[in-house]
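Construct the complete structure from the given sequences, taking the supplied hints into account.
If you're matching positions, the sequence shown starts at 19 in our numbering and goes up one per residue.
These are calculated hints, taken from the structure and not from any lab test. Hints may be right or wrong, so weigh each one.
What the hints assert, rightly or not - Derived pair list, reagent style BS3-like, types lysine-lysine, alpha-carbon separation capped at 30 Å: (1) K28 to K216; (2) K318 to K281; (3) K327 to K351; (4) K148 to K237; (5) K243 to K327; (6) K80 to K216; (7) K243 to K264; (8) K320 to K280; (9) K320 to K267; (10) K267 to K237; (11) K280 to K267; (12) K216 to K126; (13) K237 to K318; (14) K166 to K200; (15) K320 to K216; (16) K196 to K168; (17) K280 to K264; (18) K237 to K168; (19) K318 to K280; (20) K316 to K327; (21) K348 to K281; (22) K237 to K166; (23) K320 to K243; (24) K183 to K316; (25) K200 to K267; (26) K280 to K316; (27) K320 to K264; (28) K168 to K200; (29) K168 to K216; (30) K237 to K196.
As the list claims (entries may be wrong) - Distance ranges between label pairs, derived from CB positions: (31) V24 to A369: 50 to 56 Å; (32) A330 to E270: 22 to 28 Å; (33) S329 to Q55: 31 to 37 Å; (34) A103 to E188: 42 to 48 Å.
Just so you know, these numbers come straight off a predicted model, no measurement behind them. Even glycine gets a Cβ: it sits at the ideal position worked out from N, Cα and C.
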Amino acid sequence: MENFVVSARKYRPQEFDTVVGQSHITDTLEHAIEENQLAQALLFCGPRGVGKTTCARILARKINEKSGANDDDGFALNIYELDAASNNSVDDIRDLTDQVRFAPQVGKYKVYIIDEVHMLSTAAFNAFLKTLEEPPAHAIFILATTEKHKIIPTILSRCQIYDFKRITIEDIQDHLRKIADKEGIAYEDDALYMVAQKADGALRDALSIFDRLSTFSQKNITLEKAAEVLNILDYDQYLNIVDFAKDNKIPEVLTAFDTIVKKGFDPHVFIAGLGSHFRDLMMSQNPQTLALIEVGEKTKQKFFDQSQKWSAQQLIDAIEICNFADINYKNSKNPRLTVEIALMQLSSLTAGLEAKKKSS
Numbered sequence: 019m020e021n022f023v024v025s026a027r028k029y030r031p032q033e034f035d036t037v038v039g040q041s042h043i044t045d046t047l048e049h050a051i052e053e054n055q056l057a058q059a060l061l062f063c064g065p066r067g068v069g070k071t072t073c074a075r076i077l078a079r080k081i082n083e084k085s086g087a088n089d090d091d092g093f094a095l096n097i098y099e100l101d102a103a104s105n106n107s108v109d110d111i112r113d114l115t116d117q118v119r120f121a122p123q124v125g126k127y128k129v130y131i132i133d134e135v136h137m138l139s140t141a142a143f144n145a146f147l148k149t150l151e152e153p154p155a156h157a158i159f160i161l162a163t164t165e166k167h168k169i170i171p172t173i174l175s176r177c178q179i180y181d182f183k184r185i186t187i188e189d190i191q192d193h194l195r196k197i198a199d200k201e202g203i204a205y206e207d208d209a210l211y212m213v214a215q216k217a218d219g220a221l222r223d224a225l226s227i228f229d230r231l232s233t234f235s236q237k238n239i240t241l242e243k244a245a246e247v248l249n250i251l252d253y254d255q256y257l258n259i260v261d262f263a264k265d266n267k268i269p270e271v272l273t274a275f276d277t278i279v280k281k282g283f284d285p286h287v288f289i290a291g292l293g294s295h296f297r298d299l300m301m302s303q304n305p306q307t308l309a310l311i312e313v314g315e316k317t318k319q320k321f322f323d324q325s326q327k328w329s330a331q332q333l334i335d336a337i338e339i340c341n342f343a344d345i346n347y348k349n350s351k352n353p354r355l356t357v358e359i360a361l362m363q364l365s366s367l368t369a370g371l372e373a374k375k376k377s378s
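This is the structure we're talking about:
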């Protein structure tokens, strides 16, 4: 039995041009290396799972390749990684500064990557200041952090700062497509979109979900299976409930809600999601706002079709009803009733209109 390698490690980029969604960073670093304008202290900031450590390792290798350390052994001797989360004392930093004084045996540069640098103690930061301000010519420091605001200003002022951004849903989805094709995994585009949306801009999280979903679905990733693994309500359930509400079918709406609760879903999450659904329907009515909906293309078409059955004012009223229930849910002595009242109100929004149609 072969050891399984998670996708985040198996497909970790080895070159700048394969890093996803950070071209503003990778292009700058490549140009800096080519033109020999790379600062000796760099700070990589940004959310988790967006490529900070990956870019630091690629940069370290590129620097050594340019300086002549082309073989793996030479490269390995010239890169040092320190996890500041577990090595955050003054003594750890002093050990590091003692090492910095020695020139590399191969090539021109030693590269020091300090991950989670915000975890260093104040005393450790202060001990590091002088080395960071006046590093030896052969030393380059790459600091990485998810919490830039925790780093003292005197450290920030000594670094060239690179802000990594959250990766867009479309970029994550496209990357998942490529991996699925390489691994021979069948998939629905909307399912990958849901995974990308759930990852909240972190590619590593998306790849972790993708691995779990691939195993669960036996390499056939569908929207239904994605919703089940992620324990979220899929769009079809909201679409069905809204159709019932449009037709004033209160019993069917309440029964559908009861089924959802019995599956273990939180009623509070449900009503908040229903409010978001009505918001998406509102956005679907106008071509200018259609791009504001973060769903796959097939689902977007379903939203558009359903939105045509409601007037703009009805959708505004529906959003207000859901928002009111969402706000008052936690303070209610009977929170389920709060949601059920909201559902009955939603199912009555078009009642007057339907009565007029019948009378005419």
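Taking the hints in turn, this is what the structure says about them:
Pair hint K28 plus K216 holds up; C-alpha atoms about 21 Å apart against a cutoff of 30 Å. This hinted pair checks out: K318 and K281 have alpha carbons roughly 26 Å apart, not beyond 30 Å. Distance check on the hinted pair: K327 and K351 sit about 35 Å apart at the alpha-carbon level, beyond 30 Å; violated. Between K148 and K237 the alpha-carbon distance is near 53 Å, which puts this suggested pair outside the 30 Å criterion.
A threshold of 30 Å between alpha carbons decides the hint, and for K243 with K327 the separation of about 29 Å falls inside it, so the pair holds. Taken as a hint, the K80 and K216 pair is broken in the structure, with Cα atoms around 33 Å apart against an allowance of 30 Å. With a C-alpha separation of about 28 Å, the suggested pairing of K243 with K264 holds against the 30 Å cut-off. At most 30 Å may separate the alpha-carbon atoms for a hinted pair to count; K320 and K280 meet this at roughly 26 Å.
At most 30 Å may separate the alpha-carbon atoms for a hinted pair to count; K320 and K267 meet this at roughly 20 Å. This hinted pair does not check out: K267 and K237 have alpha carbons roughly 39 Å apart, beyond 30 Å. Between the alpha carbons of K280 and K267 the distance comes to roughly 20 Å, so the proposed pair stays at or under 30 Å and holds. Taking the CA atoms of K216 and K126, the gap is near 43 Å; set against the 30 Å cutoff, the hint is violated.
Our distance criterion of 30 Å between C-alpha atoms is met by K237 and K318, whose separation comes to about 25 Å. In summary, the hint linking K166 to K200 is not supported, as the alpha carbons are separated by about 36 Å, beyond the 30 Å threshold. For the proposed pair K320 and K216, the alpha carbon gap of about 20 Å is at most 30 Å, so the pair holds. Of the pairs offered as hints, the one joining K196 and K168 is violated, with about 37 Å between alpha carbons and a cut-off of 30 Å exceeded.
Between K280 and K264 the alpha-carbon distance is near 24 Å, which keeps this suggested pair within the 30 Å criterion. At most 30 Å may separate the alpha-carbon atoms for a hinted pair to count; K237 and K168 exceed this at roughly 42 Å. Proposed proximity of K318 and K280 is supported: the alpha carbons are some 28 Å apart, at most 30 Å. Note on K316 and K327: the hinted pairing holds, with a Cα-Cα distance of about 18 Å set against a maximum of 30 Å.
The hinted pair formed by K348 and K281 meets the criterion: a straight-line CA distance of about 21 Å does not exceed 30 Å. For the hint linking K237 to K166, the alpha-carbon distance of about 39 Å lies beyond 30 Å, and the restraint is violated. In summary, the hint linking K320 to K243 is supported, as the alpha carbons are separated by about 19 Å, within the 30 Å threshold. Under the criterion of a C-alpha separation no larger than 30 Å, the hint pairing K183 with K316 is consistent with the structure, at around 28 Å.
Between K200 and K267 the alpha-carbon distance is near 47 Å, which puts this suggested pair outside the 30 Å criterion. Among the hinted pairs, K280 with K316 is consistent with the structure: their alpha-carbon atoms are about 28 Å apart, no more than 30 Å. A C-alpha spacing of about 15 Å is found between K320 and K264, which places the hinted pair at or below 30 Å, so the restraint holds. Restraint check: the Cα-Cα separation between K168 and K200 comes to about 40 Å, which exceeds 30 Å; the hinted pair is violated.
Only pairs whose Cα atoms come within 30 Å are accepted, and K168 paired with K216 is accepted, the gap being roughly 27 Å. Straight-line distance between C-alpha atoms of K237 and K196 comes to about 14 Å, which keeps the hinted pair within the 30 Å bound. Taken as a hint, the range 50 to 56 Å holds for the pair V24 and A369, whose Cβ atoms sit roughly 53 Å apart. Range check, A330 to E270: Cβ separation about 25 Å, and the 22 to 28 Å hint holds.
Here the CB-CB span from S329 to Q55 is close to 59 Å, at odds with the stated 31 to 37 Å. In this structure, A103 and E188 break the distance hint of 42 to 48 Å, their C-beta atoms being roughly 32 Å apart.
When each numbered hint is compared with the structure, violations occur for hints 3, 4, 6, 10, 12, 14, 16, 18, 22, 25, 28, 33, 34.
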